[in-house]
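Chains as they are written, first to last, in UniProt numbering: chain X, 1 to 249; chain R, 1 to 596.
Treat the hints loosely; a few may be bogus.
Interface residues of chain R toward chain X, partial, derived using beta-carbon atoms under 8 Å [claimed, not checked]:
hint	residue
1	GLY87
2	TRP89
3	SER91
FYI, nobody ran anything at the bench for these hints, they're computed from the structure. The beta carbon of each residue, even a glycine, is placed where N, CA and C say it ideally should be.
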Amino acid sequence: MKVLVPVKRVVDYNVKIRVKSDQTGVDLANVKMSMNPFDEIAIEEAVRLKEAGKATEVVAVSIGVAQSTETIRTALAMGADRGILVKSDETVEPLNVAKILKGIVEAEKPDLVILGKQAIDDDSNQTGQMLAALLGWAQGTFASKIEFDGDKILLTREIDGGLQTLKLNMPTIVTADLRLNEPRYASLPNIMKAKKKPIDEKTPADYGVDVKARLEVLKVTEPPQRQAGIKVESVEQLVSKLKEAGVIG
Amino acid sequence: MTYRAPVRDMAFVLQEVAGLGSLAGKGDFAELTPDLIEAVLEEGAKLAGDVLAPLNKSGDHEGARLEADGVKTAKGFREAYARWVDGGWGSLAASPEFGGQGLPLALSTAMQEMWNAANMGFGLCPILSQGTVEALTAHGTEEQKRLYLPKLVSGEWTGTMNLTEPQAGSDLNALKAKAVPQGDGTYLITGTKIFITYGDHDMAENIVHLVLARLPDAPAGTKGISLFLVPKFLVHADGSLGARNDAKCVGLEEKLGIHGSPTCVMSYGDNGGAIGTLIGQENKGLACMFTMMNNARLLVGTQGVAVAERAYQHALAYATERKQGRSIGLTLAPGEMEPIVVHPDVRRMLFTMKSLTEASRSICYANAVAIDRAHHGATPAERAEGQARADLLTPIAKSFSTDIGCEVASIGVQIHGGMGFIEETGAAQYYRDARILPIYEGTNGIQAIDLVTRKLPLGNGAVVKGFIAEMRETAAKARGANHECLALIGAALDQGLDTLDKATDWMLARLKSATDDCLAGASPYLRLFGTVAGGHFLALGALVAAKAEGDAFLAARLATARFYAVQQLPLAEGLLAPATAGAETLYALDAEGLGA
Ligand SMILES: Cc1cc2nc3c(=O)[nH]c(=O)nc-3n(C[C@H](O)[C@H](O)[C@H](O)COP(=O)(O)OP(=O)(O)OC[C@H]3O[C@@H](n4cnc5c(N)ncnc54)[C@H](O)[C@@H]3O)c2cc1C
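Build the full structure now, drawing on both the sequences and the hints.
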């Protein structure tokens, strides 16, 4: 079984995000970037499948600027076998990412694609679902457990108020949720080995995709500053304050 | 408050300031590229921040305990150590022949900074193992290397160094431990060693003790000391573990700090003798131990950087949260206050912490790169130059950085106000932990003597003069860069170098004729040297930083170098008088008079 895992380079989760003064987006200049945490979980799951003898090869794909190679290297250091970089200096929207991935899936013929459920930069939560639709494959989103039942996948997913288990036909699209696993730290020897693993370089055009944006961003703003709080003396005062603030009727 | 390794700063200092860039990408380090350096630092930073740092406070609180079957480390240390071993971190700088990754010592020094900033009580263990690996690699027999190195490199086994005895601390002449040859190539070791760091613990299945002892017919003094390898569990020829050796921890010290690190009284030979094998030649043990100690001294200096960095991160976070007072001239509603970071005196403290930490980090990393040049330089001349530079810098890296560790940790307490004195905050722990650093691995007083009496005379003064000339070049570059801030930095550095020149000439002229006068000024001289060298390295960073615009990180390098030039470098001049005052004043009173 071959597993494909798309990994995205995003602003590191520890970085305090600043919005550009012209409100066109987030300031990325000299900001620390790392792998999208949900994608780390996806890679971890794929590597575990390989270690368990279920997967034979794990391929990590990243679509983005040249430095996305670093993100692929992180995946390789965690245990992926090889990488594919689809280079684009422009922002690639989820639908275009899904189209490029479709091209890669057709070329690579994986049995399973594991994606992060969403990227922590734009929180779109669309790519996996769009890819499944484009390919006409089964999909299991927000996975918290992946098991195998013969040639089918038993997938536990987190839904409001509980867990749902799906039986899915292969090939399948899976998107990883937070509790699927706890990603490992790469070991030093594996970081060294990752340097020697191959990374193919491609462009969106290789897959016949035009990455021109279809969505227009009107503006990006900081969340409103939190106002200083006050201490209320009684429940009555609390209720009246909440009414004043228009929070309750 | 958790710890985040300053990865970008570490990479910057390694490559742009300490000179690792000149070794990377060729020769023995052909595979070393900037992205690899960063990947290694990043991954280590996760382990340091997420696994080791959370155990710092609990390790301090709980400490290590001696139980009937040996020493138990604080809760979580075993598991954390296992993860450290799984990560292969012990293998970083070791030779590929024994399972090492063959990466530069300089990179390993940055990693050691991380482990120790995250958790000094924990970080001591990897430091001692690294020293053991170095000593065995340099002086071990083929058999010793084959049996012990792979396990030490992987971290499955750990190392210790056993010099100190109750009557032999700074002065090893008085060392008493005995080693009697058994005729089969082994020796029976007997004696008591004190203050042995990680002398026993439960994190690894075996411990490899390097022990200094005397043969029966050995000459008196340090010329009669040999080095022995004494394992906790004997090791069979096939590598499997045998009987428990007669080497035991019989007591743990109660300490001011580093409670997570067991400091053991070790008893060798209570039941007849501990079996050991000789490392290197008979009676040449001290030289072998010094291979280990020189790098260990650098790493203790690095611990000073580590604790300073940790204290700084903690203090900075507090200074931006704690509200008291307001900026001069600012009107606020009654009861409203600003964070203390707005006050000039708090800024002075923060900048002092930051700039001294960076200065000492640069000195330590430059020392490490010099050792890398000594081992991996392309030509014999480059290797010799690297060794000489390392020899010169080692006592400075050790003393200056550990004094800075204490001072910065102390300022960190101060920034917290009353809360700094309260254990709950955590700032006090760094202060307590830092205090050992100027003492062990050769006290800072001993380091100063080493600098003045052994390092200044190297090459008849050529080694120190060569370094000063290099620093002059930095000053000239900064002055000539047509950049206001760099010009100021360059001028301050030149002034510091004038002072260093004077003090150095004074020392060199009197070393033979008036040694006592030189010894009397050795400590202020070392501080003066460190202060100026720190200015040189910060200026090197500033030269790189000034080229880029709009990068907050690089802007901070420039601002920090400028602060150091204005607030720290001028202090060198004040050290000239004490460094060159001679011994007479110090002996104006006899021992009795000192009590009068
Ligand atoms: C927590 C801890 C861990 C340690 N770990 C180890 C370890 O793992 N292995 C090991 O072997 N040792 C270890 N030590 C011992 C440590 O290295 C010694 O304590 C140190 O070398 C100083 O020796 P001493 O304590 O006998 O002090 P002394 O030598 O008695 O020194 C007392 C004072 O006199 C000064 N002094 C001494 N001689 C001179 C001189 N000639 N000129 C000027 N000043 C002088 C010193 O600078 C110092 O200020 C450890 C100690 C501690 C506290």
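Evaluation of the provided hints:
no., hint, verdict
1, GLY87, "5 Å, holds"
2, TRP89, "6 Å, holds"
3, SER91, "6 Å, holds"
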